[in-house]
Amino acid sequence: MLTFRTGQLEKSPPKRLDTASIDRSLVPPCQAACPLHMSIREYIDLVAQGRIMEALQVIRDDNPFPSVCAFICNHACEDKCRRSQVDDPVSIRALKRFAVEFGGDRMVQLTAETTKKESIGVVGSGPAGLACAYYLRKLGYPVTVFEAQPEVGGMLRIGIPQYRLPPAVLDTEVRRLSSLGVEFKTNCRVNSLGNLFEQGFKAIFVTIGAQQSRRLGVPGDDLQGVVDAITFLREVNLGLKPVIGEKVVVVGGGNVAMDAARTALRLGARTVNLVCLESRPEMPAFKADIHEAVDEGVILNCSWGVKQLCGDKTVNEIQLKRCSAVFDAQKRFNPVYDESITTALPVDTVITAIGQSPQIPEDFHLRIGRGSTIQIDPVTLNTNQTGVFAGGDAVTGPSTVVQALATGRLAAIRIDDFIQRKYPRPAEEEIKSLIGELSAQTIEYIKKIHRHEPPVRDPQARIKEFQPVENVYNWEEAINEARRCLRCGAGAEVTFQDKCATCLTCLRDCPYKVPVLDSRGTLQISADQCQACGICTAQCPAKAISLRKPYFRRTIEDELEHIGRTKNANNLKPLIIGFCCQYGLFGTGILSALWRSTKAGIAFVPALCVASVEADHLLRAFEIGAEGVFIAGCGDECARQNTTFWVNDQIKRVQKVLKEVGLENNRLQFYAPQNKTENPADWLDGFANQIGSLYLNSLIKEETRRDSR
Amino acid sequence: MIVAEQKPLPEIRQMIAPYKRILILGCGTCMTVCDAGGEREVTFMDNALRLMQARDNKDFHEYSEFTVKRQCDPEFMDILLEKVKDFDAVLSMGCGIGVQTVAEKLDIPVLPGLNTSFMGASQEQGVWDERCSACGDCRLDDTAGICPVTRCTKGILNGPCAGVKNEKCEANKEINCAWVLIYKRLEKTGQLDKIRREYPMRNFRAIPRPRRLTKTSAGGISHG
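These protein sequence lines map, in sequence, to chains A and B. Residue numbers are given in my numbering: position 394 of the first sequence equals residue 394, and the series is strictly consecutive. If you want my numbering, it's the position in the second sequence, counting the first as 1, plus 1000.
Hints in this document: simulated from the structure, not taken from any laboratory. All residues carry an ideal CB built from backbone N, CA and C; glycine is no exception. Among these hints, one or two may not hold up.
What the hints assert, rightly or not - The following residues of chain B were derived to be distant from chain A, with all beta-carbon distances above 10 Å:
#, residue
1, Thr1032
2, Gly1038
3, Glu1039
4, Ala1054
5, Ile1097
6, Thr1116
7, Glu1124
8, Leu1140
9, Gly1163
10, Lys1168
11, Leu1181
12, Pro1208
13, Arg1211
As the list claims (entries may be wrong) - Here are the simulated DSSO-like cross-link-like pairs (lysine-lysine), alpha carbons at most 30 Å apart as the crow flies:
#, chain 1, residue 1, chain 2, residue 2
14, B, Lys1007, B, Lys1154
15, A, Lys448, A, Lys567
16, B, Lys1173, A, Lys656
17, A, Lys422, A, Lys117
18, A, Lys656, B, Lys1154
19, B, Lys1020, A, Lys567
20, B, Lys1194, A, Lys656
Build the full structure now, drawing on both the sequences and the hints.
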């Protein structure tokens, strides 16, 4: 009710006194699922707008090593993506990789001042250790990282094959850490924590991972030619070129087994058989990994257990027995074998990948719990020794990279709490509320656009080398994929209930039928269902509705003011102002041409959706001196239906005013390309010509009027 | 609900010509719902007037916007009393009732920005139909909830007349004959006997204008 707008033409433009700039959005499921709680919705939207560097900035804010995650994250976010209720989840990891590869090392902040004097030691340079070091540096602590291996990176370096994470990517991230001021001590195995304290470290973060492979425990597992996967992968990654035979059998069904099998192929193994207890759907490895391994020629032998390994000194046969069930009724690992069904495979090399456990040096004097892991306080991450914190695989057992990064970040915060004697505070994400499920009705109204998987290289070509399997999206693919995001939790809400006259305009206009009247007759816009198209915010006659989180750099009003000032400074005539969909425009290849072929005198205003451009924005454009105004949408490429209808509605209203003012109707036009091949620049040229001649006409009319006076 | 439409811009321009500083005053109730004078329309009017003067290059006015919940209650005007010192005139985007209430309260000219049309109902988004004439003597029980006073072009109480053709009115072939509608609906609801009733004559002159409705004992204000 109480908006007060004042000012005259050349003064400051009208500003809306609402809360449009305040983020009232709910936490989307992707963000909640991510151990790092990355602002996924935000960066996906920035990618969709073609603002890739800004997207990368958002990614870097939440993730110390975005390029590592871009290559090998297990993307829990995609599993929870609500788009999967409509068609398929948004390809979040691949989009992150696009942003990371697009931006590279540009605009990276590499400064961290040492503001604290307490130095911190990090034992182990895996993802958890590196993340902890990164955030401790950001907090101003001097940090030293100790690594037993010759190279920094822990499992990222020695456990993950190079075709999944190119070493150059890891090198870049480690270099960034060095330039932040983190000190690395490689080839330096820590044997005693007390020693570190004596050297002056005030707190220690133990993150030595889980690198001890389990043994098979069957006859013959000590024969030559039997190697555990961790050792095998480490040797390959450190360039030691281990010798393998032609016939390789990998035992295990997890991700490490997949890595080992695919690495063996790349080292030249003729056949690679994979033997695992689990049936194919039960296999713990990621589905995409299994799929890629099979494409490359790995033969899966599911539901088999190893009976024994045979051979004289060197292994030459592996005998298998049928595994009838892996888990018992309590879902615990308890395999049952059917000894009557057996088979055998000839073999030169057996690689075992049946799980790893941490190996904690006794001299650390840490309390050890189940599965040889370090026992810690789940909130403070403190061990039984004061000042010693622990995290990563050494605490949880084998887990994911992103989980390790999250633990590292938390450890840095907790170590800071410890040094500064602060009470540990809960994470911010725990306070915010989460978004619910999509309803069947909303799903029905959402346009189905299927996921575009990033292209993968040909299996026969890729097993010849250690280059990445997956290619990066190109510009157009990335933007189209990012546009599939439903912007969960950022939708419209009746911000000013006292203004709402319950006129039902939003209820009638919403393309997804989200606003409803509740049983008391009050209008409700469900945050769970809204897709944040912004149509209702433009249509609401009381201006009572706003988006919980607006996605534009500047409001349309600010953008117009900016154009007005530029125009006055440069005296551009005739001026043409175009309102364009901020998604279609920048990259889909349809409207990008329009943007790129911008000529002097043509200004663009990006809009959340062309249907959310209000009639008074169009009037304002004419008022600041535009001779012609157009709205450009994506036509059939639009993710919503009926946007054209709303645009035409606004155009008709404004054309009526133009007539009353004495301006021609065709000074305001709507443009939507008919097909993908149409070049919008051609249309724009035509429009500019039309406006040019109208402008000349009006000048002549003006002259005659002046003369006749 | 009261339905109105915006006056043509040139007419408004003429009205405001003598005044420099103008407050465009919106109404947050009926005028918001009928898309004529809500906060969005106030901005629209503001921008349209600014555009007009930017193009004409003469008669510069200063425009300000303000929207109150309802213009037809004098208390809402109290919040305007302070602000109104800065203005030479108010362009009210309220219905005729609003314009008058504002004018009674303020000592500066109050100009109507809208033409108040009728009391009506929304058919769909952006379409309104007249439904009531506020005759003060409601007979909708006899006419199956369809008002012949409003919806019959002649307003006759014992219809239909002889002008009905194909169920349409002779005055406007787009309009359904109200009495045909009444007949059909009486039939549908099993009250067809009501059509046989003879309606007593109505005395239109008996209603003194302007009317006043007093629901409390404090009805002592004199008619304005």
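Evaluation of the provided hints:
In this structure threonine 1032 of chain B is not separated from chain A by more than 10 Å, as the shortest Cβ-Cβ distance comes to only about 4 Å. A beta-carbon of chain A is positioned within 10 Å of the beta-carbon of glycine 1038 of chain B; the least distance is around 4 Å. Not every CB of chain A lies more than 10 Å from the CB of glutamate 1039 of chain B, the least distance being 4 Å, so the non-interface label is violated. In this structure alanine 1054 of chain B is not separated from chain A by more than 10 Å, as the shortest Cβ-Cβ distance comes to only about 5 Å.
The claim that isoleucine 1097 of chain B is not at the interface with chain A holds, since no C-beta of that chain comes within 10 Å of its own (minimum 16 Å). Threonine 1116 of chain B, annotated as away from the interface, keeps every beta carbon of chain A farther than 10 Å; the closest lies near 17 Å. The non-interface label for glutamate 1124 of chain B is inconsistent with chain A: the shortest C-beta to C-beta separation is roughly 7 Å, within 10 Å. Its beta-carbon lying about 23 Å from the closest one in chain A, leucine 1140 of chain B satisfies the requirement of being farther than 10 Å from that chain.
At roughly 35 Å, the least C-beta separation between glycine 1163 of chain B and chain A is larger than 10 Å, which holds for a residue marked as non-interface. No beta-carbon of chain A comes within 10 Å of the beta-carbon of lysine 1168 of chain B; the shortest separation is about 28 Å. With a cut of 10 Å on Cβ distances, leucine 1181 of chain B stays outside the contact zone with chain A, its closest approach being about 25 Å. Every CB of chain A lies more than 10 Å from the CB of proline 1208 of chain B, the least distance being 33 Å, so the non-interface label holds.
Non-interface call for arginine 1211 of chain B relative to chain A: holds, since the shortest CB-CB distance, roughly 26 Å, exceeds 10 Å. Restraint check for lysine 1007 of chain B and lysine 1154 of chain B: satisfied, since their Cα atoms lie roughly 28 Å apart, inside the 30 Å limit. The hinted pair formed by lysine 448 of chain A and lysine 567 of chain A fails the criterion: a straight-line CA distance of about 42 Å is larger than 30 Å. Proposed proximity of lysine 1173 of chain B and lysine 656 of chain A is supported: the alpha carbons are some 28 Å apart, at most 30 Å.
For a cut-off of 30 Å, the pair hint linking lysine 422 of chain A to lysine 117 of chain A stands: about 17 Å separates their Cα positions. Between lysine 656 of chain A and lysine 1154 of chain B the CA atoms are separated by roughly 34 Å; this puts the pair beyond 30 Å, and the hint is violated. Between lysine 1020 of chain B and lysine 567 of chain A, the direct Cα distance comes to roughly 27 Å. Compliance with the 30 Å bound is thereby established for this hinted pair. For the hint pairing lysine 1194 of chain B with lysine 656 of chain A, the CA-to-CA distance comes to about 48 Å; that exceeds 30 Å, so the pair is violated.
The structure is inconsistent with the numbered hints 1, 2, 3, 4, 7, 15, 18 and 20, although it conforms to all the rest.
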